[in-house]
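A.B. asks: Spelled out from the first residue to the last, the chains are:
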Amino acid sequence: MDDLLARSAIALAAEVRAGRVSAREVVDAYLARLALTEPAIHAYLAVDADGARAAAAAVDAAIARGDEPGPLAGVPLAVKDLIVTRGLATTAASRILDGWIPPYDATAVARLRAAGAIVVGKTNCDEFGMGSTNEASAFGPTANPWHLGRVAGGSSGGSAAALAAGSAALALGTDTGGSIRQPAALCGVVGMKPTYGRVSRWGAIAYASSLDQIGPMAMTVADAAVTLAVIAGVDPRDPTSIDAPPPPLAPPTVGDLRGLRVGLAREYRPADLDPEVAGAVDRAAAALAAAGAELVEVGLPHTRYALPAYYVIAPAEAASNLARYDGIRFGPRPPADDLDQLYARARAVGFGPEVVRRIMIGTFVTRVDHRAAYYDQAQRARALVRDDFDRAFTEVDAILAPVAPHAAFARGELHTPLSMYLADVFTLACNLAGLPGLALPCGATVDGRPLGVQLLGRPLDEATLCRLGVALEAAVGPARRAPWPPPGGAP
Amino acid sequence: MAPLADAEVRALAHLARLELDDATVARLADELAAHLAYVAMLDELDTSAVEPMTHAVAMTLRLRDDVPGPALTADDALAGAAATRDGCFEVPAVID
Chain W
66 MDDLLARSAI ALAAEVRAGR VSAREVVDAY LARLALTEPA IHAYLAVDAD GARAAAAAVD
126 AAIARGDEPG PLAGVPLAVK DLIVTRGLAT TAASRILDGW IPPYDATAVA RLRAAGAIVV
186 GKTNCDEFGM GSTNEASAFG PTANPWHLGR VAGGSSGGSA AALAAGSAAL ALGTDTGGSI
246 RQPAALCGVV GMKPTYGRVS RWGAIAYASS LDQIGPMAMT VADAAVTLAV IAGVDPRDPT
306 SIDAPPPPLA PPTVGDLRGL RVGLAREYRP ADLDPEVAGA VDRAAAALAA AGAELVEVGL
366 PHTRYALPAY YVIAPAEAAS NLARYDGIRF GPRPPADDLD QLYARARAVG FGPEVVRRIM
426 IGTFVTRVDH RAAYYDQAQR ARALVRDDFD RAFTEVDAIL APVAPHAAFA RGELHTPLSM
486 YLADVFTLAC NLAGLPGLAL PCGATVDGRP LGVQLLGRPL DEATLCRLGV ALEAAVGPAR
546 RAPWPPPGGA P
Chain L
438 MAPLADAEVR ALAHLARLEL DDATVARLAD ELAAHLAYVA MLDELDTSAV EPMTHAVAMT
498 LRLRDDVPGP ALTADDALAG AAATRDGCFE VPAVID
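The listed protein sequences derive, respectively, from chains W and L. Under my numbering, residue 556 is the last one in the first sequence; the count climbs by one each step, no gaps. Under my numbering, residue 533 is the last one in the second sequence; the count climbs by one each step, no gaps.
What the hints contain is simulated information worked out from the structure, not anything from laboratory work. Check each hint, because a few of them may be wrong.
[Claimed, not checked] The calculated label-pair distances, taken between Cβ atoms and stated as ranges, are:
no. : chain 1 : residue 1 : chain 2 : residue 2 : range
1   : L       : Ala514    : W       : Ala343    : 16 to 26 Å
2   : W       : Gly152    : L       : Val494    : 31 to 41 Å
3   : W       : Arg369    : L       : Asp502    : 45 to 55 Å
4   : W       : Ala336    : L       : Asp467    : 23 to 33 Å
5   : L       : Ala444    : W       : Gln406    : 11 to 21 Å
[Said to hold, decoys possible] To give an idea of the chain L side of the interface with chain W (calculated C-beta under 7 Å), a few residues:
no. : residue
6   : Met478
7   : Leu482
8   : Ala495
9   : Leu498
10  : Phe526
Ideal Cβ positions, reconstructed from N, Cα and C, are used throughout, including at glycine.
Given these sequences and hints, build the entire structure.
C.D. replies: In structure tokens, the structure reads:
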């Protein structure tokens, strides 16, 4: 069983495709690990053991018939609960969707199933993706597998923790302001936020539609790259999906980086940056330079405006998107005397405090008498943030940056909304500009908490990020599963 | 920054269709004020010559051909609702 857990997703698929191990054996090994770790980790909101075994049996039957089982045959997949799955409860970690069984699959999920991946369950997250710790889940937080008293990050914290704990071989997350990359960094795994429009958002429960993107989370850069190739591509159901050739299905290989220029932005190196986080960036820079890349200092002068712009735009879009939760078409329906009371009561009972806060902020900044001062100004600031990146990418092929200001912190440590929002300071400019970003592990703190770095790239140039990422992975070591029982001990 | 007036918070809550108790209104009055004070940093920027960026990628949204295709069945669409009747979502009466 440990042998199966030690393999990458594409190595597992190769074994399954070659008939050296059955999909059923792989799924059983992961379900056994899940049963062991899940009571302490709470990475999942729903586990579909029967469905996973049935899907594995179908993969094995296809192989026995000589049919093509797909590039991810038999790979156990965890899907963030913000992404809908046909016949499998999907809540967005919100009580307002408690009990909802979607009648369709998200396009990304459908493409992964067609590629042979096996959906194991739905992973915990901050409610509607609004948070950076999973503490804003209506169903309780996820523990970091490296230290149970610390947060897994968020909002895709369950997907990151499932990978680190060994209860999934591959995962899907969504990233609106860092929600794939930050939990990946805190749990020591790989997370890719694709270019906006690269992956269909059909079936991604909307938080902020101009920023949201589905992406892969994995134990290796190659696994993330192959998963992206499977889920990428235009989708008639998402008019914002980009009609561009998908990235290559062949995994990236370690090679010479000569000719590639990697930017280091001074704005991502504040004087008070955590020294261990800064050390991770320095190690990554040295490794990329040793592999032949040229390091170049770049300026992104509007960086400090990204966070306030994001925290106007994202709540504005959230207030609009979440208007659909009215207590009528899905979710619990409280008793009410009339329709207005039903709406207001269902939403008050169904939404948690962070969601209410963001809806209220979004309602304020888009009110007719506030819109010009707040929402329009934030959209102009967003353009300046994007222009910074456009200029920088005339000089460099990618930008190396920290992911989170700190390694995994204790539950309850960020106790005011603004202190929580500041945790996103290095990740959300990427979303404002619509760029791809790849987070990957780069060492650990002295007390054993994972550290990560991210590479930001030009639109649709995930391939360069993966090329740099595999080189970095080879130099600093791949992601590892957390040992069980966890080294940090109980909370 | 001074908290928002409770009446202003209640007016926003009405627009957002949220039934809030007094304690939540008071908490949000403080939190919204702190949030607005923080995002006021954007006022430092002279954006008079900047076009607002309304989406991540400049694109013209595609429209599909106006041809009927497979869609959710009525039963599927209604399956998540707490109350249905005669193939419709049931709601409290809006006309006496």
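A.B. asks: Evaluate each hint against the coordinates.
C.D. replies: Consistency of the hints with the structure:
| no. | hint | in the structure |
| --- | --- | --- |
| 1 | L:Ala514 - W:Ala343: 16 to 26 Å | violated, 52 Å |
| 2 | W:Gly152 - L:Val494: 31 to 41 Å | holds, 33 Å |
| 3 | W:Arg369 - L:Asp502: 45 to 55 Å | holds, 46 Å |
| 4 | W:Ala336 - L:Asp467: 23 to 33 Å | holds, 30 Å |
| 5 | L:Ala444 - W:Gln406: 11 to 21 Å | holds, 20 Å |
| 6 | Met478 | holds, 5 Å |
| 7 | Leu482 | holds, 6 Å |
| 8 | Ala495 | violated, 9 Å |
| 9 | Leu498 | holds, 4 Å |
| 10 | Phe526 | holds, 5 Å |
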